[in-house]
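These protein sequence lines map, in sequence, to chains A and B.
Per the working numbering, the first sequence starts with residue 8, numbered consecutively.
Per the working numbering, the second sequence starts with residue 2, numbered consecutively.
Pulled a few chain B residues facing chain A out of the computed Cβ check, cut under 8 Å:
hint : residue
1    : 20
2    : 55
3    : 74
4    : 77
5    : 88
6    : 149
7    : 161
Bear in mind the hints are in silico, worked out from the structure with no lab data behind them.
Beta carbons: idealized from backbone N, C-alpha and C, even for Gly.
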Amino acid sequence: MVPLSYYLILSAILFCIGMFGALTRRNAVGILMALELMFNAVNLNFVAFSRYLPQPLLQGQIFAIFVITVAAAEAAVGLAIVLGLYRNFQTINVDEINLMKW
Amino acid sequence: MTVTEGVFFVMAACTVGASLLVVLARNLVHCAIALVFAFFGVAGLFVLLDAEFLAAAQVLLYVGGITILLLFAIMLTSRISAGGLKIMNEQVGIAGVVVFAIVGLLAYANLRGFPDAVAPLTAPDNTASLGKLLLTTYVLPFEVVSLLLLAAMVGAIVLARRDREKD
Chain A
8 MVPLSYYLIL SAILFCIGMF GALTRRNAVG ILMALELMFN AVNLNFVAFS
58 RYLPQPLLQG QIFAIFVITV AAAEAAVGLA IVLGLYRNFQ TINVDEINLM
108 KW
Chain B
2 MTVTEGVFFV MAACTVGASL LVVLARNLVH CAIALVFAFF GVAGLFVLLD
52 AEFLAAAQVL LYVGGITILL LFAIMLTSRI SAGGLKIMNE QVGIAGVVVF
102 AIVGLLAYAN LRGFPDAVAP LTAPDNTASL GKLLLTTYVL PFEVVSLLLL
152 AAMVGAIVLA RRDREKD
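Build out the structure end to end from the sequences listed, making use of the hints.
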């Protein structure tokens, strides 16, 4: 059986890859993809902890289901916003959309 | 090394490699394809963790739903070719430093905090008990999340609609 810490370290690596993408990508769709990677890392943590608890409980998996649902809602609204941005600015590079920059 | 560990390492390598490609590839369509492999890797890890229902939901929702949505957005918004343009902003250096620091800190904390946590041998009976929990203990969050999905759907339609009156 794989130790719990393997899963946690894998999840940390996945989360940080996603965070790097979210911090450095210029394309808004690329940022959304990186966000999905971070959601996946969190889900992996939830499921791993729920499996490795001393008594068998499923609460972690319930939370992962809710995270997946919220991620789906986020993707739908985020992509609609991206389409609106593209219609108004003809670009979705987030560093070129500086209408409200001080 | 047991079979389980071998499967774990294969899945982990697939997930990490694909997610690196998602973050670093130039072409956004390639990123979306790599994202599919990352999602499949995580689904495989869910199976390894005795979470079959979540693995199925992962494949259906992420691979079947979100990736397709992302591909639509890419094709609707990308210019003819992004070749030659830089894909990252000027924060690459500091973001790399921060990310490596956080990975190191988390790995250290995980190795110190959970040195030999071992799973109980009996996996909890999965799909049936998940459904029971969702419709008894967690019925209120379940309903709230369905309302959230409805609101997101209406919001996405309103945001993505073209203003016909203005044209």
